[in-house]
Every structure is written in structure tokens, then in C-alpha cells.
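Each chain, letter by letter, is given below.
There are 2 protein chains.
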Amino acid sequence: MKTIRVIQYGLGPIGCNTALAALKKEGVKLVGAIDIAPDKVGKDLGEVLGLPERLGVTVSSDAPEVFRKAKAHVALHTTRSFFKDVYDQLELAARSGVSVVSSTEELLLPELRNPDLAKKLDRLAKKHGSTILGTGVNPGFVMDTLALVLSGVCTEVRCVKIVRRVDASTRRMPLQRKVGAGMKPEEFRRLVKEGKLGHIGLLESMYLVAKGLGWDLTRHRENIEPVLAEEPQQTRFFSVAVGEVAGIKHTCCGFCDDRQVIDLDLRMYVGAKDPLDSIEIEGVPPLTLTLPGGVAGDVATVATLVNGIPRVLESEPGLKTMLDLPIPRAFRAV
Amino acid sequence: MKTIRVIQYGLGPIGCNTALAALKKEGVKLVGAIDIAPDKVGKDLGEVLGLPERLGVTVSSDAPEVFRKAKAHVALHTTRSFFKDVYDQLELAARSGVSVVSSTEELLLPELRNPDLAKKLDRLAKKHGSTILGTGVNPGFVMDTLALVLSGVCTEVRCVKIVRRVDASTRRMPLQRKVGAGMKPEEFRRLVKEGKLGHIGLLESMYLVAKGLGWDLTRHRENIEPVLAEEPQQTRFFSVAVGEVAGIKHTCCGFCDDRQVIDLDLRMYVGAKDPLDSIEIEGVPPLTLTLPGGVAGDVATVATLVNGIPRVLESEPGLKTMLDLPIPRAFRAV
Numbered sequence: 010m011k012t013i014r015v016i017q018y019g020l021g022p023i024g025c026n027t028a029l030a031a032l033k034k035e036g037v038k039l040v041g042a043i044d045i046a047p048d049k050v051g052k053d054l055g056e057v058l059g060l061p062e063r064l065g066v067t068v069s070s071d072a073p074e075v076f077r078k079a080k081a082h083v084a085l086h087t088t089r090s091f092f093k094d095v096y097d098q099l100e101l102a103a104r105s106g107v108s109v110v111s112s113t114e115e116l117l118l119p120e121l122r123n124p125d126l127a128k129k130l131d132r133l134a135k136k137h138g139s140t141i142l143g144t145g146v147n148p149g150f151v152m153d154t155l156a157l158v159l160s161g162v163c164t165e166v167r168c169v170k171i172v173r174r175v176d177a178s179t180r181r182m183p184l185q186r187k188v189g190a191g192m193k194p195e196e197f198r199r200l201v202k203e204g205k206l207g208h209i210g211l212l213e214s215m216y217l218v219a220k221g222l223g224w225d226l227t228r229h230r231e232n233i234e235p236v237l238a239e240e241p242q243q244t245r246f247f248s249v250a251v252g253e254v255a256g257i258k259h260t261c262c263g264f265c266d267d268r269q270v271i272d273l274d275l276r277m278y279v280g281a282k283d284p285l286d287s288i289e290i291e292g293v294p295p296l297t298l299t300l301p302g303g304v305a306g307d308v309a310t311v312a313t314l315v316n317g318i319p320r321v322l323e324s325e326p327g328l329k330t331m332l333d334l335p336i337p338r339a340f341r342a343v
Numbered sequence: 010m011k012t013i014r015v016i017q018y019g020l021g022p023i024g025c026n027t028a029l030a031a032l033k034k035e036g037v038k039l040v041g042a043i044d045i046a047p048d049k050v051g052k053d054l055g056e057v058l059g060l061p062e063r064l065g066v067t068v069s070s071d072a073p074e075v076f077r078k079a080k081a082h083v084a085l086h087t088t089r090s091f092f093k094d095v096y097d098q099l100e101l102a103a104r105s106g107v108s109v110v111s112s113t114e115e116l117l118l119p120e121l122r123n124p125d126l127a128k129k130l131d132r133l134a135k136k137h138g139s140t141i142l143g144t145g146v147n148p149g150f151v152m153d154t155l156a157l158v159l160s161g162v163c164t165e166v167r168c169v170k171i172v173r174r175v176d177a178s179t180r181r182m183p184l185q186r187k188v189g190a191g192m193k194p195e196e197f198r199r200l201v202k203e204g205k206l207g208h209i210g211l212l213e214s215m216y217l218v219a220k221g222l223g224w225d226l227t228r229h230r231e232n233i234e235p236v237l238a239e240e241p242q243q244t245r246f247f248s249v250a251v252g253e254v255a256g257i258k259h260t261c262c263g264f265c266d267d268r269q270v271i272d273l274d275l276r277m278y279v280g281a282k283d284p285l286d287s288i289e290i291e292g293v294p295p296l297t298l299t300l301p302g303g304v305a306g307d308v309a310t311v312a313t314l315v316n317g318i319p320r321v322l323e324s325e326p327g328l329k330t331m332l333d334l335p336i337p338r339a340f341r342a343v
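Residue numbers (this note's numbering), protein chains in the order written: chain Z, 10 to 343; chain E, 10 to 343.
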């Protein structure tokens, strides 16, 4: 078993947990760590991760130097949500011949909003022998990949309906804020108008499902609304009064001509009863899949990143999506 | 869109339905049909499939000639359950450079019982540019692939437990007979002893899960028992008295040393209440997935075969498993 040399690129909460999960895998070695936060740069990665031991890897803000020196096989990339914002980081990895598993939401289907950048990155990745994948739990799993896999037992698919209902009070503080919990409804609506609120990647999920099923969507409808608290809510971090925003309802519908063929319904709010993920396929045979309680967001995102390591390493170089790689599965599971 | 030329190899009930499903896919053309049944050989495939129109394809028992003349890309292979019994058929396809999607249960993990034959077939397939895959709904999906995919969101997996409970009275006659419905318990037990009863492929499912998770099982325990009718059962085809066999309970447990890590529990009997498929992962995070009603066996098997066409065509040549190919999904779904 060859040691897999990994760079952790980004040391926010998800990045730190990803590094910790990677460290637990036999045969995986962290050989580089990149972040720009002044309170992290220059420290040993072990210290930043809150471990009792030093890891002998110093957190650096000089990404090119880390890639040059680390002799890495893979970078676990957890910096930002938009493809354009991380393009330079990914290009650096590609040019270094280092494969990438990234939590960048738009990277689930980078061609959707940035086809030219996607083509450029794909060319560079192929040239230098790097495989680049965007994944995660949502986008990346419950509202796209899992539904596609389920469709594998259908001879016909007329409509795919996916519901994800998350009780945000069980999630970390930034997520609770990100869904608008505690805001006034007017503030929520203003931020939606400004494009500053909404689940990044939902549209990518929908278009990945469509692409996987060979559907050319003729149009889509997207809607972002506040879910208002009907009773007072108290999270570990703050409280929400009745009538204030408890969270978000973000929906995407995809159409082939006048026929609705995809319906994604994502609700994340504090106090959500009966959280769950469910997938319904109207087709032959008709199918319903449920994950009672839903797939826990943060730990599952970390898992998809670490589990992506062998998938990118065994694949052809290029900018890939979940459609291109072998089935996801746990990597060195125990 | 290039036309995909398909040979239907085997025209039993599953084979006929597979051919019918393939015919419905845009861009797929049936260019050959193989069967040995005297009442089918020499007839037009359309007639054998019960279609009002002729298809211009004559059912032949001369497989080498069909492969020589059909200029096919893929064979949909639905003949027998055991790898050894179909080896020559698959070798013919491999040597002809024709890819194969097969319902042969043991082909889910051919190396398990016949590693030498698997190596030989893999070599030939690679040499001649053929990709060969064994798939289906069970084995092939609910008790293996789907569980592996689900594990993709786990950082740790301690145990995978899968239950499939099928009401055999909804299934076709041969399946009802195959699970022992209507037998006396003694007869059932005698047939189990003679190796003539049991769900073919369950052990393959278990070892595919283990392989996918990187587990070397140190041992396994397999058990086949009759489920006895507790009240009289009436299927479309026959009746089962109280105390007679209603069907089968077939279980497989896999161990790493003394720790049970996989538990497959398959029950197929007439009158089964609340049929379902369920997957439970004891791990981080813990997960439960349910498919209320379960995935309908026959139509879903047909779907996995037809949906496998693009997967084998886009993959590298060789003898593959569900672990090697991109995620399954519906092919030209509407």
C-alpha cells in the first residue's frame, strides 16, 4: 500500500475536520497545509487542528511553494463556494499535477456557470495529470448523486422529486446564520434580492441530475423564501422569536418544455420537525427512498471529500464530475 | 448520436423484457438475438417478443454466427446464473470485441468462486476491446451497490446491515417456485442440502461490499431456512397451506476476525407483509436508508441491464464490476 500524500487546502471548520478525518486513514499522510488566516499561518498543523501532537507540517499562505515542495498526490480543497473564486487555486493544483477533491459547491458542475473556465481547467488538468472533482453531501450526494444512482433501476423516469429537510439547530453556527436564522423577514428578502442568501449549488445539483439522465432542460424556476418561526426557537448560539426567520426554503424546478421533470425542495431551519432526505422517482418502477433523520451535513461533507481520494487517484486526468467517477464509497472504512 | 447495436443473448422472461426495454431506447437497435429454445429459433424476434411487427432479426441458436455478422457494440446477456455455465458465451463475446451487460448472478464478483476463469476472461476482454459487467437488482443493486454508495458519506463504517423483504406473490411463477413456495419443509431442507435452493449471488453481494470497503473478510456464515406459512396463501399460480413453505430466508454474515461487519438478510416469500429494502450503516454518521415497498425485482433487473449499456461502452475494456464503473443511472430515461 503506497502512502498517499495529501495537502489540506483551506483550514476553516470543514477543512480542519477534513484534515482530521484524512489523518485517521491508514496510508494517508498530510504533507502540506494552506490557509491565509494570520492566526494559523506559521503554526504547526497539529496545533491548528487542536491535536496534542505536532505533525511536522507548517501552515503556509504560500500555496505555490507548498505545491512545489510537498510532492503531494491529492489536495483536499475547502476554501470557497464559487468556481471563479477558486479557479486560480485549482489551476495551481492542476499545473502541479496534483489531483483535487473540492468542497467548492459550484465545482459539482463547473460548466454550468463558467463553461470557458471549466474547459481551460480540464485542458490543464489533462496536460499535467491531475484529476479534479467537486463533491460534498449537498451538493454532491443527497440531492443529485444518490437520486441518479437510484434511477439506475428504472426503465423510465418521468420526474425526480427530492426533499431535504434539515434542522439547522443541530448544525454549526455559520450554517445557522447562512440560512438566515434570527433575521427579520425583510432583511432576508433583501439579501435574497442581492443574491447573498440561498443554498449555493442547488442549481448545480439539478443540472447534474438532468445531465446524468440525458435531459436538456428548457427552463428552470428557482425560489428562495424565508421559513418563519411559528414558535420561539433556541439554538446553542442564539434565539429566534415567533415571526422571525427560522431558516430557508430553497426550491428548484426543472422543465423539459412544459413538463416538470425535476423538483428539488431544500428546507433548512431551526426547529425543523422530522428532518429527512427523500427521493421520489415517478417512473417505471416508481420508487421512494427515505433517509429518516437525513444525512448529517458537516460530517458527511468531510466524508465525501476524504472518500474521494481514491476515486480521483484511480481516474483519468481532467476536470470530472460525480457522473464520471466510479461509485462513491467509504475509503479505508475502519 | 451514434446508433448502439445490441445483441439480445437469451430470450427467457427476463431476456424478452430486456429486449423490449432496449427497443424503447432511442438510438438503440437490436441486431441479433440468440436462444436455444426450439420454439424460438428461426422466428423473427418481434414475434418471440409478442410484438405486432417484425423486427427483421431472426432468433438463432448459432451464437458465433450472430456475433460474426451482427457488428454489435453490446450484448445484453440473460442466460444462466453461474459464471462457469456462461463462460464460453462470455468468451465468445469478448473475442468478438463485443461488450456485455449480464444478469448472470455470479458475474457480480466472478473472481470469488472462479478466479482463474475471471483472469482469463479479463485478459481476453482487454485484448479484444470488450467490457464485461455483471449487474442486476439483487445481486447488483439493493444489497451491494446502493449500500456502498451510501457509505460514501461516512468517515467510519463499523457494520453494514441490509434487509430485503419481498412478497413473492407479486412476482412471476418461476421466482415463486425458486423460493420454495408450496413445498413441504422437508423437501425444502433436502434441496438446500443438495445446493439446489438459495438465492444465487447473495455471497457475491457480501463480498462485493467487503471489497468496496477494503475489508478482508476472515470468514462468513451463510444460512438458508424456509419461511413457513402461518396462514393460507393464494398466489396467482397456486396456493400454500399453513405449515407449508411460503418462501425463503437466506442470510449471510461477514466477519473481520470476531467482529461481524456485514449482515445481509433476504426474505422472499408469498404473503410477506410490508415488503421493503433497508440499509443500515453503523458508523459515522450512522445512517438508515429505506425503500418502502422495495425495488420491484423483475422490471428493475431489466432496467439495470439496459442502463448498463452506456456504462460498459464508455469504460476501459476488461472484466469489470460495479466498483469499477461510473455511477449507475437511467439511460435515455424518457
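Among the clues, some could well be false.
Where chains are identical, the list cannot tell them apart; a pair therefore holds if satisfied intra-copy or between any two copies.
As the list claims (entries may be wrong) - Below, computed lysine-lysine pairings styled on BS3-like, alpha-carbon distance capped at 25 Å:
| hint | residue 1 | residue 2 |
| --- | --- | --- |
| 1 | LYS170 | LYS34 |
| 2 | LYS187 | LYS135 |
| 3 | LYS220 | LYS34 |
| 4 | LYS38 | LYS220 |
| 5 | LYS49 | LYS282 |
| 6 | LYS193 | LYS38 |
| 7 | LYS220 | LYS11 |
| 8 | LYS220 | LYS33 |
| 9 | LYS136 | LYS170 |
| 10 | LYS282 | LYS80 |
| 11 | LYS33 | LYS170 |
| 12 | LYS38 | LYS11 |
| 13 | LYS129 | LYS49 |
| 14 | LYS129 | LYS52 |
| 15 | LYS170 | LYS93 |
| 16 | LYS187 | LYS34 |
Derived from the structure by calculation, the hints contain no laboratory data.
Quantities reported herein were computed from a predicted structural model and do not represent experimental measurements.
Here is how each hint holds up against the structure:
For the homomeric pair LYS170 and LYS34, the shortest alpha-carbon distance between copies (23 Å) is at most 25 Å, but the shortest distance inside one copy (35 Å) is not. In this assembly of identical chains, LYS187 and LYS135 lie within 25 Å of each other by CA distance neither inside one copy nor across copies; the values are 36 Å within and 51 Å between. Proximity of LYS220 and LYS34 under a CA criterion of 25 Å is satisfied inter-copy only: 17 Å between copies versus 33 Å inside one chain copy. For a Cα distance limit of 25 Å, the shortest separation of LYS38 from LYS220 across copies, 23 Å, qualifies, whereas the shortest one inside one copy, 36 Å, does not.
Taking the closest pair of Cα atoms, LYS49 and LYS282 never come within 25 Å of each other, the shortest separation being 38 Å inside a single copy and 58 Å across copies. Within a single copy, LYS193 and LYS38 get their C-alpha atoms no closer than 46 Å, and across copies no closer than 59 Å, so neither meets the 25 Å cut-off. Proximity of LYS220 and LYS11 under a CA criterion of 25 Å is satisfied inter-copy only: 18 Å between copies versus 35 Å inside one chain copy. Taking the shortest alpha-carbon separations for LYS220 and LYS33, only the inter-copy value of 20 Å comes in at or below 25 Å, while the best intra-copy value is 35 Å.
Taking the closest pair of Cα atoms, LYS136 and LYS170 never come within 25 Å of each other, the shortest separation being 39 Å inside a single copy and 43 Å across copies. Neither within a single protomer nor between protomers do LYS282 and LYS80 lie at most 25 Å apart by alpha-carbon distance, with minima of 48 Å and 57 Å respectively. When the C-alpha separation of LYS33 and LYS170 is checked against a cutoff of 25 Å, the pair qualifies only between copies, where the shortest distance is 24 Å, while the shortest distance within a copy is 36 Å. In the homo-oligomer, the alpha carbons of LYS38 and LYS11 lie at most 25 Å apart inside one protomer (10 Å), although the nearest pairing across protomers, at 45 Å, exceeds that limit.
For a Cα distance limit of 25 Å, the shortest separation of LYS129 from LYS49 qualifies neither inside one copy, at 32 Å, nor across copies, at 55 Å. In this homomeric assembly, LYS129 and LYS52 never come within 25 Å of each other (Cα to Cα): the closest approach is 35 Å inside a single copy and 54 Å across copies. Within a single copy, LYS170 and LYS93 get their C-alpha atoms no closer than 30 Å, and across copies no closer than 42 Å, so neither meets the 25 Å cut-off. Taking the shortest alpha-carbon separations for LYS187 and LYS34, neither the intra-copy value of 31 Å nor the inter-copy value of 44 Å comes in at or below 25 Å.
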